[in-house]
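A.B. asks: Given these sequences and hints, build the entire structure.
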Amino acid sequence: LGWKDEFSTPLFTQRQQFYARKLGLDSSYTPQMVVDGKYEFVGSNLGKAQQAISNASREAKAKIEVSSKDASLKINVTDMPSHNDSTIYLAIAENNLFSNVKRGENAGSKLEHISVVRELQMIGKIPNSLSNIALEASYQIQGNWKTENLKFVVFIQENESRRILGVTSFTKKN
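With the sequence shown counted from 1, adding 15 to any position gets you the numbering used here.
Keep in mind the hints are simulated off the structure, nothing from the lab.
Owing to the predicted nature of the structure, the values given are computational and were not obtained by experimental measurement.
The reader is advised that the hints may include incorrect statements.
With a straight-line Cα cutoff of 30 Å, these simulated DSSO-like cross-link-like pairs (lysine-lysine) come out [as the list claims (entries may be wrong)]: (1) K166 x K63; (2) K188 x K161; (3) K63 x K84; (4) K76 x K140.
Have a look at the derived ranges for each label pair, beta carbon to beta carbon [stated by the list, open to error]: (5) N115 x T93: 41 to 49 Å; (6) N121 x E80: 35 to 43 Å; (7) S130 x F33: 14 to 22 Å; (8) S184 x Q65: 14 to 22 Å; (9) V116 x N159: 13 to 21 Å; (10) E80 x L40: 33 to 41 Å; (11) Q47 x N99: 21 to 29 Å; (12) F27 x V116: 13 to 21 Å.
Backbone N, C-alpha and C fix where the C-beta goes; we use that ideal spot for every residue, glycine too.
C.D. replies: As structure tokens, then:
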């Protein structure tokens, strides 16, 4: 489209392509939104987003408690619903980012970005036999990130179905 998304990474592209295959799509696209591993639609469709989130919120979810100190986290997961093998992730997202688009259909525009995932890391595996787990993880903040704009999201995702089993978010106090 004449410009490169400076926040894209091979990992994020790979995850999006996996969803496209899993959901039977010919290709992935932007802005695509996937909720709970099963509802897919154009991310700007507010009605579909609200309906998908409402549907997903009716399903049982694990309770996730996180405490943080410096660059480390203590995570306690309880009451996981019945599940297959799963992975727990940490996403670090940043608000108030901008792109100056030089070419393509948005040429000359300054685009504002909210909740841009800057880092996505696996912090543990949860076998299907466990409904509670406690673990610790560490992370790094890159020098070009604005710490006051960061949000941390811990979520558990079933490996095969991509169903979200639990999620929590928090901001760090300076």
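A.B. asks: Against each hint, give a clear statement of whether it holds in the structure.
C.D. replies: Against the structure, the hints come out as follows:
no.	hint	in the structure
1	K166 x K63	holds (25 Å)
2	K188 x K161	holds (13 Å)
3	K63 x K84	violated (38 Å)
4	K76 x K140	holds (17 Å)
5	N115 x T93: 41 to 49 Å	holds (45 Å)
6	N121 x E80: 35 to 43 Å	holds (41 Å)
7	S130 x F33: 14 to 22 Å	holds (20 Å)
8	S184 x Q65: 14 to 22 Å	holds (19 Å)
9	V116 x N159: 13 to 21 Å	holds (20 Å)
10	E80 x L40: 33 to 41 Å	holds (36 Å)
11	Q47 x N99: 21 to 29 Å	holds (24 Å)
12	F27 x V116: 13 to 21 Å	holds (19 Å)
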